[in-house]
Amino acid sequence: MNKDDSKANKKVEKRTIDIVHQGLAKRYRAEGRFKFYGLAAIVMSLLCLAILFISIVGNGYKAFRQTYVELEVFFDPAILDHENLSAANYSGLVKSTLRKMFPEVKGRSEKRELYKLVSPGAAFQLRKMVLKDPEIIGRSISVWVPADDDVDMLIKGYFSTDAAENARRLSDKQLAWIEQLREQGKVKKKFNTTFFTAGDSREPELAGIWGAAVGSFFALLVTLLLSFPIGVAAAVYLEEFAPKNRWTDLIEVNINNLAAVPSIVFGLLGLAVFLNFFGFPRSAPLVGGMVLSLMTLPIIIIASRAALQSVPPSIREGALGVGASKMQMVVHHVLPLALPGMLTGTIIGMARALGETAPLLMIGMVAFIVDIPRGFTDPATVLPVQIYLWADSPERAFVERTSAAIMVLLAFLMLMNAAAIVLRKKFEKRW
Amino acid sequence: MVRKTVLLVAALVFVFVASTGVVNAQSARDYINIVGSSTVYPFATVVAEQFGKTTRFKTPKIESTGSGGGFKLFCAGVGVEYPDITNASRRIKESEFEKCRQNGVNEIVEVKIGYDGIVLANSKKAKPMKISRKDIFLALAKNVPDPKGGERLVGNPYRTWKDVNRSLPNIKIEVLGPPPTSGTRDAFVELVMEEAAKSYPWIKTMDKKAFKEVAHTIREDGAYIEAGENDNLIVQKLDANPKAFGIFGFSFLDQNGDRIQGSFVDGVQPTFEAIASGEYPVSRPLFFYVKKAHIGVIPGMEGYLNEFTSEKTWGPEGYLADKGLIPMPDAERMKYRADVSKLRVLTALNNQ
Numbered sequence: 003m004n005k006d007d008s009k010a011n012k013k014v015e016k017r018t019i020d021i022v023h024q025g026l027a028k029r030y031r032a033e034g035r036f037k038f039y040g041l042a043a044i045v046m047s048l049l050c051l052a053i054l055f056i057s058i059v060g061n062g063y064k065a066f067r068q069t070y071v072e073l074e075v076f077f078d079p080a081i082l083d084h085e086n087l088s089a090a091n092y093s094g095l096v097k098s099t100l101r102k103m104f105p106e107v108k109g110r111s112e113k114r115e116l117y118k119l120v121s122p123g124a125a126f127q128l129r130k131m132v133l134k135d136p137e138i139i140g141r142s143i144s145v146w147v148p149a150d151d152d153v154d155m156l157i158k159g160y161f162s163t164d165a166a167e168n169a170r171r172l173s174d175k176q177l178a179w180i181e182q183l184r185e186q187g188k189v190k191k192k193f194n195t196t197f198f199t200a201g202d203s204r205e206p207e208l209a210g211i212w213g214a215a216v217g218s219f220f221a222l223l224v225t226l227l228l229s230f231p232i233g234v235a236a237a238v239y240l241e242e243f244a245p246k247n248r249w250t251d252l253i254e255v256n257i258n259n260l261a262a263v264p265s266i267v268f269g270l271l272g273l274a275v276f277l278n279f280f281g282f283p284r285s286a287p288l289v290g291g292m293v294l295s296l297m298t299l300p301i302i303i304i305a306s307r308a309a310l311q312s313v314p315p316s317i318r319e320g321a322l323g324v325g326a327s328k329m330q331m332v333v334h335h336v337l338p339l340a341l342p343g344m345l346t347g348t349i350i351g352m353a354r355a356l357g358e359t360a361p362l363l364m365i366g367m368v369a370f371i372v373d374i375p376r377g378f379t380d381p382a383t384v385l386p387v388q389i390y391l392w393a394d395s396p397e398r399a400f401v402e403r404t405s406a407a408i409m410v411l412l413a414f415l416m417l418m419n420a421a422a423i424v425l426r427k428k429f430e431k432r433w
Numbered sequence: 094m095v096r097k098t099v100l101l102v103a104a105l106v107f108v109f110v111a112s113t114g115v116v117n118a119q120s121a122r123d124y125i126n127i128v129g130s131s132t133v134y135p136f137a138t139v140v141a142e143q144f145g146k147t148t149r150f151k152t153p154k155i156e157s158t159g160s161g162g163g164f165k166l167f168c169a170g171v172g173v174e175y176p177d178i179t180n181a182s183r184r185i186k187e188s189e190f191e192k193c194r195q196n197g198v199n200e201i202v203e204v205k206i207g208y209d210g211i212v213l214a215n216s217k218k219a220k221p222m223k224i225s226r227k228d229i230f231l232a233l234a235k236n237v238p239d240p241k242g243g244e245r246l247v248g249n250p251y252r253t254w255k256d257v258n259r260s261l262p263n264i265k266i267e268v269l270g271p272p273p274t275s276g277t278r279d280a281f282v283e284l285v286m287e288e289a290a291k292s293y294p295w296i297k298t299m300d301k302k303a304f305k306e307v308a309h310t311i312r313e314d315g316a317y318i319e320a321g322e323n324d325n326l327i328v329q330k331l332d333a334n335p336k337a338f339g340i341f342g343f344s345f346l347d348q349n350g351d352r353i354q355g356s357f358v359d360g361v362q363p364t365f366e367a368i369a370s371g372e373y374p375v376s377r378p379l380f381f382y383v384k385k386a387h388i389g390v391i392p393g394m395e396g397y398l399n400e401f402t403s404e405k406t407w408g409p410e411g412y413l414a415d416k417g418l419i420p421m422p423d424a425e426r427m428k429y430r431a432d433v434s435k436l437r438v439l440t441a442l443n444n445q
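As given, the protein sequences belong to chains A and B, one line each in that order. Sequential numbering of the first sequence, starting at 3, is according to our numbering. Sequential numbering of the second sequence, starting at 94, is according to our numbering.
The hints are simulated quantities; they were obtained by calculation from the structure and are not laboratory data. Being a predicted model, the structure only gives us computed values, none of them experimental. Hints may be right or wrong, so weigh each one.
As the list claims (entries may be wrong) - Listed below are the simulated PhoX-like cross-link pairs for lysine-lysine, each with C-alpha atoms no more than 20 Å apart in a straight line: (1) A:K113 to B:K405; (2) B:K416 to A:K113; (3) B:K227 to B:K217; (4) B:K405 to A:K97; (5) B:K146 to A:K118; (6) A:K246 to A:K188; (7) B:K146 to A:K97; (8) A:K118 to A:K191; (9) A:K118 to B:K405.
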């Protein structure tokens, strides 16, 4: 009996450790698998991100260089009338220059083909030169003017030249002229400054993102000026002063709900309230900023409240203990400590607003706007809308410009998110 | 607190100043405000840009709202807060004209600017297809006349083009096209599906609602793929999949002639000349409508109209033709130019 007992006991003891040993390998395997799943998830998402970046950069990097053609322009006093320089026939000047470079070109249709080698922007460029310095009239100057978008696409290798002539954008003659210019070293790819300094255009070689960037800047400035003070004030009141009752609960639930409302709804609200009721102008960054601030407000309020909650109660008690009033406690002690968190939330909210198009559709910011906006009520568009409009354009050269604009937008977003991280790392206090 | 108060006050002052600025901007708008069709958008924008760069006026602002959305905004009233011009890929409807009148927009000048072809295209890697409008209808409608005969409709049984018509290739029907919200889809349905449906006398004699049901309903079993409003995307997909066909505006075929080709419809290939002469059957007129009351109020209106209707713009060798707009015949251009210079207003819709 005794023997049996001890035996049984031993058996049981041994069994426990056995079970542990037996299960151990399995448990380690499970842990290994679990780790692998996690790692696989990260690798997957990184891979998707890499594919996205590679395809965008691959499509777009060529847009930062643009093909230019060198013209030997004689600023003919016969064409450029001293009386009215701003309205002179500058495209005629470009045409006569091209005819001089290819004297063998005869006939109307052939000439038309020749004129298509350079961008319509060449005339505007010469106009600018003359207006800046009328002294150049009567002299010959070599000028690099942008090539037409079809020529640009050919030089960048997007067009195959073996298609039948009528299926190509460029005729055999045009190809021969381009080849001739190339041999003379009069075709060159240069850094595309136009892309960063111009507004929108229907000629890809003249289109730029500066107009959209300025529009984004104005809209986001309005958003920041409205949503940051209102958001912080709301968060401070709700967190530090408001009594806890049914009403504040209701408000809290509603703020959380607002953060999840699809952005197009805010656009409809903006249309109904700001445009139809208050009569603000369509397409203005002022209204765009107001709509975007409606969208970012809940995000900022939630982030600010979280930042205030993370300030330990001992700070508050200490301040009250040495005789500070409640407002002094909040303004002198709690707010400065919570501010880094609030700023982080604000920057993330602003980054979201920067990438938003849906609410702007309703208030008329999806529009063709060439002039750079100079104020809050000038018609303007924003970066993501510009991307959308270019993606929809038939010209082939807009494909690479779309990708290039996406790169610029992503660069801004990363800059803002990096700023948020830096701010947090620098001012964050751990308790 | 001080900082916060300063910020709050700054925001309030800013909003106040901005809204007074708004009132000023409203009372004197110094740029032309254009809304309307996304099909006319690529042409109107070129004219606007040219106008802005060669005159002392600001470049007009053009919103792409679709034809219907454009009329809604345009007909809302007279005054600087309403658009001056709306672009349309179809004529103004009776109901829209009525709406305009109700809101005091009595004087509208109609300008036809040219034509746009709608093409069925595929990749150059495959052979071009020769197809009739009836074949397209049979291939894409949800319900088609029973192939076994008899005057009744059955769910579309055709899987390949060859099933539809023996002379067509033996490949699966796969067509990428615009969604119902698009103007291109409206025009396609009207010019191809309705025309083909009318070729069956017993469908033609159906009552209006039933006829629309037959002609306007596109199959939903995967043979017709709604590819969104982005025609560039359709072109790229066709390039990648030589068996697929796409439906889009002629300007995209014009820009991508080295990659895709237009199918022959009723024996005619969609070329610039064939659409201009009216031989190619699937083409539609494009318009814009001008609010006469705004001429002389908004600076530059006459200039814009003049730029749009000059030969160097909409003529056969004008810059709009380079962008893929099919110009009107000479006589028609003259007529509309004269209408514009006299500012002849639209009195009733059935005057043409």
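Now for the hints, and whether the structure bears them out:
Note on K113 of chain A and K405 of chain B: the hinted pairing holds, with a Cα-Cα distance of about 15 Å set against a maximum of 20 Å. A threshold of 20 Å between alpha carbons decides the hint, and for K416 of chain B with K113 of chain A the separation of about 18 Å falls inside it, so the pair holds. Between K227 of chain B and K217 of chain B the CA atoms are separated by roughly 24 Å; this puts the pair beyond 20 Å, and the hint is violated. Under the criterion of a C-alpha separation no larger than 20 Å, the hint pairing K405 of chain B with K97 of chain A is consistent with the structure, at around 15 Å.
Proposed proximity of K146 of chain B and K118 of chain A is supported: the alpha carbons are some 19 Å apart, at most 20 Å. Restraint check: the Cα-Cα separation between K246 of chain A and K188 of chain A comes to about 76 Å, which exceeds 20 Å; the hinted pair is violated. With a CA separation close to 18 Å, the supplied pair K146 of chain B and K97 of chain A stays within the 20 Å bound. Of the pairs offered as hints, the one joining K118 of chain A and K191 of chain A holds, with about 18 Å between alpha carbons and a cut-off of 20 Å not exceeded.
In summary, the hint linking K118 of chain A to K405 of chain B is supported, as the alpha carbons are separated by about 15 Å, within the 20 Å threshold.
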